[in-house]
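If you're matching them up, the sequences are chains A and B in order. Numbering-wise (our numbering), the first sequence opens with residue 1 and increments by one. Numbering-wise (our numbering), the second sequence opens with residue 302 and increments by one.
Because the hints were derived from the structure by calculation, they are not lab data. If you're wondering where the values come from, they're calculated on a predicted model, not measured in any experiment. We put the beta carbon where it would ideally sit given N, CA and C, even for glycine. Each hint should be verified, as a subset may be incorrect.
Stated by the list, open to error - Residues of chain B placed beyond 12 Å of chain A at every Cβ, according to the derived structure:
#1 THR349
#2 ASP350
#3 LEU354
#4 LEU361
#5 GLY362
#6 GLY364
#7 CYS365
#8 TYR444
#9 ASP481
#10 GLY482
#11 LEU490
#12 PRO495
#13 ALA573
To be verified - If you only want the chain A side, here are some residues facing chain B, beta carbon under 8 Å, derived:
#14 LEU37
#15 LEU45
#16 LEU138
#17 VAL268
#18 LEU279
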Amino acid sequence: MSSLAVRKAPSTAGATGTARSRPPLRGRIAPVPTLTLLLGAVYCLLPVAWVVIASTKSGSELFSTFTFLPGSGFTDNIADLDAYRDGIYWQWMANSGLYAVLGALLSTGVSAFSGYALATYRFRGRETMFNVLLAGVLMPPIILAIPQYLLMAKADLTDSYWSVLLPQILSPYGVYLSRIYAAAAVPGDVVEAGRMDGASEWRIFTRIALPMMIPGMVTVFLFQFVAIWNNFLLPYIMLSDDERFPLTLGLFTLLEQGANTPALYTLVITGAFLAVIPLVALFLVIQRFWSLDLLSGAVKS
Amino acid sequence: MFALFFALPIGYAVWLSFRKVHVSGLGLGSGARSEVWAGFANYTAAFTDSELLDGALRVLGYGCIVVPVMLGLALLFALMLDSEKVRLAPFTRLAIFLPYAIPGVVAALLWGFLYLPDVSPFYYVLDRLGMPQPDLLDGGPLYLALSNIAVWGGTGFNMIVIYTSLQAIPAEVYEAAKLDGATPTQIALRIKIPMVAPSLVLTFFFSIIATLQVFNEPTTLKPLTNSVSTTWSPLMKVYRDAFGTGDIYQAAAEAVIIAFATLVLSFGFLRAANRRNKRDLGPGGAR
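So that you can see chain B by itself, here it is in the shape it has in the complex:
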């Protein structure tokens, strides 16, 4: 199973990335098109392709908005849920977690309509107030619009992960802190946040991975605006090359590059996080 659906496809992708179609003669007849060894030609093509680089930069910009905002909100909500004398906690916890259950495509679709001037309530209100109406689906605001969808969908999940580990902190720790005269804010900053650091590392890690793989949201918004090109994110470009223009070899090379970059980034990040944790907590600390 593992080999069939996992190892084999990866191996096949790497193999394809070194191949290309060689057209001999006029490209007519059955023998005219044949696969030949291409060496690193596909890779050099990918690295010199400005579309791929632009896509990577777009995703970088998008990630710089999504990850801090989403995790900041998740941490904030988790701390608020965990604080004393808070009302309506079960209801709000469920409400904030709810978007996790909504498919990314449907989420993008819903927000897409909320961004459309013709049907959006925001535009209606702005219109009544006589205020200017920004085009959310173009230029800079497009990043905010796309980021908002990811933040909306991901905050609740991360909040639950952080909240669960907040709940695991023994009550004695707080009692000791209170005896020492710590305020709730001090407890939150000095005790709670450091103690949930492993969860923060986990959520940060998953958020980065998800960000690098952004595909559904821009693809879904594409029919609503002209500003999302078919190569907006690197994965969209891979898709376009593989199934739109039909150059699976080029697409395979790009896919391998993206996979490699993802792996280097994530393992680098995990190692850095491990080293930091070991230094902070000593050997045997949370890994």
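With the rest of the complex left out, here is chain A:
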């Protein structure tokens, strides 16, 4: 965890980031912790390993051969998936990417700005606003989704890309994290100094505060990205045209249809396998920059 992002991230927990020095490993290993962790890893990797292997099986192999023996149908499965409804699967994947990238970018921007404003300015109703925000973090998504759906219907926006993108731009959790981060990363003196020099508030935010907040905002972006990519309920409610489905919803409908026709099982499994790849890849790349002590710091503020 001694990545750049972590070291830069301020934390109310004190001196985090730099892992404390340990005695070098000399031959001896602790068997109990190592074994426990290995068991945990096996448990967590099992379904992933299963889907990797199952996606290589043809329909008949899936039901006849032992689960963890690779099959011979991988390329056929991909071709089947590609042929299914003229390659709608790729459309779903592109949709997921669009929702996640655009949604996460916009919502990180909004979060950074509101978090900064909440942390820096004293204005009437600030505490109320913050408490409402906290309540928003706890609010079951469906409470918002029903009226959001009805409002979207009034604006004639249901079943459009907008209906999934817009509600996710304001993320109470993102604003909450940003406020904590802004309070820790942007010293009040610096903002004061900027004012003394005659910089406008907007200029202070974009030129001084924002660069200081970048490491924390990377975390917020990643959280939003994963949250939107994995979101199911909102598109489930908003969309009916499967051309606009994200992957989660697409796979779900595929499973629903496939429940009675085992021939579709291989499609679902191959689809699930491909759906896992982008996020796992992203995950492996960014896990070094994942500044999670921002999260654990959040509890103490």
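Go by the hints and put chain B onto chain A.
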């Protein structure tokens, strides 16, 4: 922005919950259906509805399995990662955290297949050993099956949160403890766990919220089994009422009740946790 996507929907939901459709005459013609004030009728209907109560009880049972198991495992793994002379820590840490990146729907789908007798490796092994094969997708085992999905998806995330705060404990504390002759187990129980208590409170809190809002996993398993009804969890019932049977007013009332219950539970919990921390650590202690 805030008002448009947040305050307005909540206000609208509360308003809807007090309304209902009044059908006059035979319900034909454009003027026959009109929205009228319903008072608390939707709320009384919701409170006397056994489906909602059953759903709440199911989620309670589910939560009683998920939260302790998930946090227990997360704490265990975090302590193991933090212990000395452990091998393969980076690999196992990543492996255990990996399920966090997998969408809940896909996770439920994967486990769903692993539960299906036709394709599951567990059943294959049990079959070869000549052992009885339980139906994981029915009755009591269904709770275990659903809980397992949540535990699988959530342990890694909580582990990282706890592990990060374990790393923040200064090394001097351990040196002092070692000089006093404490064993690793004693250090873990007496020093590490109390010092990461704030993180445990946080993870506990988030786990409860997530549990109350369970929707994706049972919905995804539904096509695979008949035992998951459309009203298995309260949120599923809200969805069914709003979009299945089309009674958005009833659904709004139920949604408001669930939101209210969630808020009362969470703020109550936060206050209780605060009071405890203040007592333990004195004023100015971790909040």
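Okay, the hints, checked on the actual structure:
With a cut of 12 Å on Cβ distances, THR349/B stays outside the contact zone with chain A, its closest approach being about 21 Å. The Cβ of ASP350/B sits about 17 Å from the closest Cβ of chain A, beyond the 12 Å cut-off, so the non-interface label holds. Consistency note on LEU354/B: stated as away from chain A, and its beta-carbon is indeed over 12 Å from all of that chain's, at 17 Å minimum. The non-interface label for LEU361/B is consistent with chain A: the shortest C-beta to C-beta separation is roughly 15 Å, beyond 12 Å.
With a least CB separation of 19 Å from chain A, GLY362/B remains clear of the 12 Å interface cut-off, as annotated. A cut-off of 12 Å between C-beta atoms confirms that GLY364/B is not in contact with chain A; the least separation is 14 Å. Listed as a non-interface residue, CYS365/B keeps its Cβ farther than 12 Å from every Cβ of chain A; the least gap is roughly 19 Å. Distance check for TYR444/B against chain A: the nearest CB is about 19 Å away, which clears 12 Å, and the non-interface claim stands.
Every C-beta of chain A lies more than 12 Å from that of ASP481/B, the closest at about 18 Å, which supports listing it as non-interface. The claim that GLY482/B lies off the interface holds: its Cβ sits roughly 18 Å from the closest Cβ of chain A, which is beyond the 12 Å cut-off. Once the 12 Å rule is applied to beta carbons, LEU490/B is consistent with being away from chain A; the minimum gap is 15 Å. Every Cβ of chain A is farther than 12 Å from the Cβ of PRO495/B; the closest lies at roughly 15 Å, confirming the non-interface assignment.
Distance to chain A confirms ALA573/B as a non-interface residue, since its nearest Cβ pair spans about 15 Å, more than 12 Å. A cut of 8 Å between beta carbons decides the hint on LEU37/A: the least distance to chain B is about 4 Å, and the hint holds. Taking 8 Å as the C-beta contact cut-off toward chain B, the hint placing LEU45/A at the interface holds, the least distance being around 5 Å. For the restraint placing LEU138/A at the interface with chain B, the shortest Cβ-Cβ distance is roughly 5 Å, inside the 8 Å limit, so the hint holds.
At its closest, the beta carbon of VAL268/A sits 7 Å from a beta carbon of chain B; the interface hint therefore holds under the 8 Å criterion. Taking 8 Å as the C-beta contact cut-off toward chain B, the hint placing LEU279/A at the interface holds, the least distance being around 4 Å.
The structure fails none of the hints (numbered hints given earlier).
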